[in-house]
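Kindly produce the complete structure, drawing on both the sequences and the hints.
There are 2 protein chains.
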Amino acid sequence: MIDFGNLKYENGLIIGIVQDRASKEVLMCAYMNREALEKTVETGIAHFCGEPRKKGETSGHLQKVKEIRIDCDMDSVLLLVEQVGGACHMGYRSCFYRNLDGEVVGEKVFEPEDVY
Amino acid sequence: MIDFGNLKYENGLIIGIVQDRASKEVLMCAYMNREALEKTVETGIAHFCGEPRKKGETSGHLQKVKEIRIDCDMDSVLLLVEQVGGACHMGYRSCFYRNLDGEVVGEKVFEPEDVY
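Chains as they are written, first to last, in this note's numbering: chain L, 1 to 116; chain A, 1 to 116.
Honestly, the hints are just simulated from the structure, not real lab data.
Treat the hints with caution; some may be incorrect.
Given that identical chains are not distinguished, each listed pair holds provided it fits within a single copy or across any two copies.
[Claimed, not checked] Below, in silico cross-link-like pairs of lysine-lysine (DSS-like), each with a Cα-Cα straight-line distance of 27 Å or less:
| no. | residue 1 | residue 2 |
| --- | --- | --- |
| 1 | K108 | K66 |
| 2 | K108 | K24 |
| 3 | K24 | K66 |
| 4 | K8 | K24 |
| 5 | K39 | K54 |
| 6 | K108 | K8 |
Nothing here was measured: the structure is a model prediction, and the numbers come from that model.
Printed below as a string of structure tokens:
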């Protein structure tokens, strides 16, 4: 088991990338601190910094974490998850729903006004 | 076209996540500044902060960028690439080659001593 104390935090933070384990779509990325990492492992539900801390606390769109991978530099982690609903507060399955031309290429899975 | 001037840089940086377009494996993440983004778009080859700036400058393991996606907060980008060789300087295809138990789960594609 990798010791969370050995990770390379910058200002107490590492980058957490979230990928759908089944579709392999990259859903989002957000900063995690040691506490968020520990809560994620303890509960099996993705936690990040900021409020609400548990991703999907308000919307119910939780991320069930099935596996965690660590990168070579130990300054970022990859969470392989089962995503309930959508990861993005804008209603899309993935936060990366636009291409460089500004076109929407991601799938909308809920209407934000119905949820928040 | 999204204006790179409108992205939400923190200390001049945004997060760049690199995903293999074909296998959908998450290969790495690294910080990019506006110049790195512009060079990436201009050349079609992934550029990051730090030296050497072009990813794979020494190893020849370039990343040919086929598509770029922007996240909802505009503080991270997802590069969909064709990876030549391996993304990780440790010789693995992906930098996320270990799980939380410290087990190697990623594929080794080259020997670092043969390349650097």
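Open item on the list: I want to check one pair: K39 and K54. Are their C-alpha atoms no more than 27 Å apart within a copy, between two copies, both, or neither?
Closed with: within (9 Å within a copy, 37 Å between copies)
TODO: Give the relationship of K8 and K24 under a CA distance limit of 27 Å: within one copy only, between copies only, both, or neither.
DONE: For K8 and K24, both the intra-copy (26 Å) and inter-copy (26 Å) Cα distances are at most 27 Å.
TODO: Measure nothing new, just compare the shortest in-copy and cross-copy C-alpha distances for K108 and K24 to 27 Å and report within, between, both or neither.
DONE: The answer is both: 17 Å in one copy and 20 Å across copies each meet 27 Å.
- [ ] Up to 27 Å between alpha-carbons, please classify K24 paired with K66: within, between, both or neither.
- [x] Both: 13 Å inside a copy, 17 Å across copies.
Open item on the list: Please sort K108 with K66 into within, between, both or neither, judging by C-alpha distance up to 27 Å.
Closed with: both (24 Å within a copy, 23 Å between copies)
Task: Homo-oligomer pair classification [K8, K108; C-alpha up to 27 Å] - done: between (35 Å within a copy, 23 Å between copies)
Of the numbered hints stated above, none is contradicted by the structure.
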